[in-house]
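4 protein chains.
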Amino acid sequence: MSLDTSLRDAIAADLAETVSDYEDFHRSPELSMQETQTAATIAAKLQGLGLDTHAFGGTGIVAVIENGQGPVVAYRADTDGLPIAEDTGYDYASAAEGTLPDGSTTKVMHGCGHDTHITVGLSLARYLVDHKDLWQGTVVMIFQPGEETGEGARAMLDDGLWDSIARPEVVYGQHVWPGRAGHIYVAKGTAMAMSDCLKVTVTGKQAHGSQPENSVDPIVLGAYMITRLQSIVSREISGREMAVVTVGTFHGGLKENIIPDSAEFKLNIRTFNEEVRAVVLDRIERIIVAEAQASGAPEPMIEEMYRFPRCYNDPATTDRLLEVFGAELGEDQVHLDQPVTGSEDFGAFGDDIDVPYVYWFFGGYSPAKFDGDEPPAGNHSPFFAPDDVETTLETGIRAALTAVLSSVGK
Amino acid sequence: MSLDTSLRDAIAADLAETVSDYEDFHRSPELSMQETQTAATIAAKLQGLGLDTHAFGGTGIVAVIENGQGPVVAYRADTDGLPIAEDTGYDYASAAEGTLPDGSTTKVMHGCGHDTHITVGLSLARYLVDHKDLWQGTVVMIFQPGEETGEGARAMLDDGLWDSIARPEVVYGQHVWPGRAGHIYVAKGTAMAMSDCLKVTVTGKQAHGSQPENSVDPIVLGAYMITRLQSIVSREISGREMAVVTVGTFHGGLKENIIPDSAEFKLNIRTFNEEVRAVVLDRIERIIVAEAQASGAPEPMIEEMYRFPRCYNDPATTDRLLEVFGAELGEDQVHLDQPVTGSEDFGAFGDDIDVPYVYWFFGGYSPAKFDGDEPPAGNHSPFFAPDDVETTLETGIRAALTAVLSSVGK
Amino acid sequence: MSLDTSLRDAIAADLAETVSDYEDFHRSPELSMQETQTAATIAAKLQGLGLDTHAFGGTGIVAVIENGQGPVVAYRADTDGLPIAEDTGYDYASAAEGTLPDGSTTKVMHGCGHDTHITVGLSLARYLVDHKDLWQGTVVMIFQPGEETGEGARAMLDDGLWDSIARPEVVYGQHVWPGRAGHIYVAKGTAMAMSDCLKVTVTGKQAHGSQPENSVDPIVLGAYMITRLQSIVSREISGREMAVVTVGTFHGGLKENIIPDSAEFKLNIRTFNEEVRAVVLDRIERIIVAEAQASGAPEPMIEEMYRFPRCYNDPATTDRLLEVFGAELGEDQVHLDQPVTGSEDFGAFGDDIDVPYVYWFFGGYSPAKFDGDEPPAGNHSPFFAPDDVETTLETGIRAALTAVLSSVGK
Amino acid sequence: MSLDTSLRDAIAADLAETVSDYEDFHRSPELSMQETQTAATIAAKLQGLGLDTHAFGGTGIVAVIENGQGPVVAYRADTDGLPIAEDTGYDYASAAEGTLPDGSTTKVMHGCGHDTHITVGLSLARYLVDHKDLWQGTVVMIFQPGEETGEGARAMLDDGLWDSIARPEVVYGQHVWPGRAGHIYVAKGTAMAMSDCLKVTVTGKQAHGSQPENSVDPIVLGAYMITRLQSIVSREISGREMAVVTVGTFHGGLKENIIPDSAEFKLNIRTFNEEVRAVVLDRIERIIVAEAQASGAPEPMIEEMYRFPRCYNDPATTDRLLEVFGAELGEDQVHLDQPVTGSEDFGAFGDDIDVPYVYWFFGGYSPAKFDGDEPPAGNHSPFFAPDDVETTLETGIRAALTAVLSSVGK
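Protein chains in written order, with the UniProt record's numbering: chain A, 1 to 410; chain B, 1 to 410; chain C, 1 to 410; chain D, 1 to 410.
Careful, some of the hints might be misleading.
Copies of the same chain are indistinguishable here, so a pair counts whether it falls within one copy or spans any two.
Cut-off 30 Å, straight-line C-alpha distance, at most; resulting in silico cross-link-like pairs (DSS-like, lysine-lysine) [as the list claims (entries may be wrong)]:
no.	residue 1	residue 2
1	K107	K199
2	K205	K369
3	K188	K410
4	K45	K132
5	K188	K199
6	K205	K132
7	K199	K369
8	K132	K107
9	K369	K410
10	K410	K199
11	K107	K205
12	K107	K369
13	K410	K45
14	K205	K410
15	K410	K132
No wet-lab data here; the hints were simulated from the structure.
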């Protein structure tokens, strides 16, 4: 059940080149739904393998590797970077810049490790093409843009992905995280949190900074809202349930001596189940509406920006993968884990056509880092990047091949 | 003690042209310390009267009208607009744009009425030049930039104003406000609030939006700070003292699912005396430092951005002006008023050379507006502009002439 | 216009006895509307002067001193103590106890100096009786209970005071405070704040302390209400207006591991005019109702406990008193002062029958205390009591006699 | 492995009498550590079975049932009521009153169902005495006072329980809760939360209600503390960890127009593990200390009132009980459950002598109530009491016998 020696040898032999590819991607992150250069590079490399590539949802790239009769499986990698100024100090650190939807400029970083995902996905395609003797069937390679904004999977699906591309019977995907390099972590059932994103526009009444009595102060109102929102997790949800309510942005006011006429903040909400999600969303609305009333302000506008769906690992498929990962990587390297509070739009590829899927994590840190004095940086930190790149990528490639070949291997 | 008939006739005869000049200035506001076009227009008009003009502090313009032996007096008008999108609906409303120090673009409006100040100042110069028979001495005309940011008076003074220009024995100035057109309002002693402006940079620790436990959340911290700051005015200052603590801006976060590593807010503080000011500033620091400790955050950076000095109307001079204003405009049109909570850097022109000064207000609204169903818009509102422009300007010009001639008139 | 030498001599000769009386009253304070022993002592002393006494409103005592044809004036002293544990350290400090309306026991202290008011009132009566040669007319001596709770004046008036007792043409009263002993302080017009007292009952839903999700937590709700109420004074009222919103009590919960089903707090509001008062009361209700909605709680019950009326010193009478006080005590000892934020029900005695009244303050501290390193304790502090008792009482008596005789003196 | 028919028959035959005993206990609750009457009744009933009784920790009662050679096991029931006014409407509802440590009077209710625990414990003793043919060994019956305050187990242990009474090899105990009558619920490993209780005394500075500027307001300070404490659970602890921070009481102020000099609140904290507990306690202290600094108040006093230890069900013993409970009650009636957020001092009986223990729950509600429109009342609610008393008690007795006989049964 473990990988053929020829594959392991190839992975090892190519590792320096693979790391070099990774560093190139790391240097050149692009913001969500703007991954034009990244998509072009991916398409070129896939075409170099003799594959046709198809664009979906703008910057999404798909290649289908056909190899005779047999099961159809899909493997998905995501490709976008984040508006973070990298602070890792690596010599291949990013100095890239990008333009946010509001027109402002920002530094861009592969702060969530999607560069490893692209690299691993391309390696997977390469080995599947090079070793057709070892398997039979069809593998759909999906390079998805815009995961960070929850737009990408939806964009590809709405662009007709499963109407024109062979539908798989199972979908696989994986994510790097601050675990031990060489290790795999997977949850059974609920694997990642649902995520809701709301934009709240608070309307006040402008006045001179010296005359608050003539204003409805939207900054003070917003501050009271945010302190009040803390009571949802602390008082409205059982301590045994998972709920996170983050106010990730707050913006109001142009000049210190003018009380502005509005302010805006954005919420990110994480929950593991629909009941808790419904309570959290209800309480957010209740608090925002009531706080506006307390200020004599108009009812604020609450807009849903996007929603990350569930990511529910099919239990039977998860059990099967736990077994084959253990056989390939060693049982001690494979961990059945709790669900994580992060979110993903990966699940949509399976849920949209009602086929099972599994999403797992692979670690990125050497023992020196992982067991160091302070916990290693997590995803979305300006310090996040694997320090043991070789082991990280090698493990990701072996896990991807193991999963895919567990479905289509001979 | 009232104005000579020849002056009154001239003002009335020129009124249509004066209003037209006002509308031109109203259409073309410029942001603080960027008043290059405005300054050029002012200088051209003064030169058209045969006066030499001198630049101080960049966009500040000074002209000295000499007319033989006699007292030296100064009259100051300020010239800058505000980053507000005008919403008055007047056909001469501003559509101007400007660039803020942070590089962002904004609409610009004469939202504090400095266009009336320029217009009145130019008329004053004109009539003083045209009617030298009525007075004797020297009048220093000061057109000051950057009043809104508290930079302009300081910039002109630091540029050597009183080193190269004749020092006055008294300084006059006035401001339009939402009072009755045709009326003058003046306080004796403390006339306007001191104003302090602070910038607070809150440092947190960045993390993924789903993992607040790995962050120090600067937005939640900022919100607690802002709600806590409310207790200064409500609990730390006597109800009989004036204190206003406004948080005019609050900005943090780029993306809803990243807890940012910092947030920033700006405070504007108004007080009437040094004792209260000291308590307010002390409490602001105490609260900001302690709240950061409550979050386990580093000590925030608190920077003084600028400070508006006192504006203390010399009591004897104020009494004299009350008398001559009453004689010129009618006693019922002249009001001894309370100090206002707004601030000004006008006082620096006198305080720097230790000479007395008086600053008064002239109203901008017709009875229909002033006594309407809702209170008329105040300064810094997108709706603020005189509706009875003719009376407003005429009154401003007569008050300016009355004050100046009370010192240098024959 | 100053006091006859015979009066001054008598005051001086009696001073040791007067101080002794004061110490007795200081040792034996009683809570509001429970001043039975105090009332009995007052009545006995008045009867000892040969006067008839009349009870109004339970523990209120009135005596009428008639002395022929002439004006009728009234003088009022209040008599109740406070639920404070005295901490002055004087050997005549109070160890008294009392029972609050809720049945609980408390230490009681003359923490607002009403013991000086009683003592001065009794001395005034004594000298008026002993020196009938110096005046002509009628003086109504009012010893009012329950000033601290705002009940006493209303209780006496509702009990028919002015129906059965000669109506005065002017009412006088005075209060000791932390000013200089020997000095008098009086405001013209608005003399003291209006005071409103509200009781708020917050209804939540009880649950086990480990299960906040099954509760509506009234303590957390109350805390958010109280922090939100701070924004009224800080944001809704002009910095130039006086408004104080104090939450003087907050009580909820019996056991730390039970989230209670209700909590209660009491508000005390001070304002100088009806417009500001109306805004403050409106905002309090708005905030309390909205915060309950934010928690999904029922609408809280807001009850008016009592209201202290205005205390508006008749301007003409105030001018007259300033003159006679200056003549008697020295001009430097008499101060025209700002209105104070404290409240009084004294004004009702005049307002109910539409006659003028004046209420002034007399100081209680020696120079050593008044000019000491830290400000002397104020009224309602456990440390408040005159340290120069002799000068304090002597000044109070002279001021009372001066005022009364300015109306009825020969 | 199920109970002998003779036992089941006896339980059924006695049920009316058992229910009657329960109702008597329900009518007569006593507050923690004051259970003198309850203890006397328990002791009398045990003595009626021919057992000697021993008092430990004041109102704790122990009886040892000896029955030849064999294992020693202990069974514990707790006996105290709560300061809650019962609102169940049952005709056997409590009207009892009690006196709290602070001297105030309160209604008392068996609001946590300890009356069922006493009743079941006494029945267990009775059947063990009556059916000695069915078992062999020693059973220690513990009737513990003061569970609600965390004092009782500690008091009995500190009074030398295990020095003078036979030490068991396993300890059993159970608790009624709002589950289905007839059902048993048990967690493996962590069974209940740790609980910490803190008392916080906030010191301010007293002043008249109209002069907040002379005070340090401990009620406003307390309110800011409580709103700030909400951020611990919402921001400092992972959404996947259990933490509850409840402020169960807040008391400050005696009179609405005096800002008091102190306020006091009590915290109840629930956590499942030591790491989270340490973070929560650290953050509580950090916030309380910093908020006091923000107010310029002295450092508040934070006192540990008591701590409930862990309650960790021995996994092997739990597995064994799950099996025998399933055999006796039906597999569908026995549930392996999550840990609960409530706390218990039961675990101390085992942890103190390092022997395993298991603590389980039995339901109290009929299907009509359990599946009704709204969730049935939980423990510590004024509405909490089993509605199907017969099934509840019968199930509790059968579970207790099953557990005990699984250790000592023949």
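Report the numbers of all earlier hints that the structure fails to satisfy, in ascending order.
Violated hints (numbers, rising): 5, 6, 7, 8, 9, 10 and 14; every other hint is consistent with the structure.
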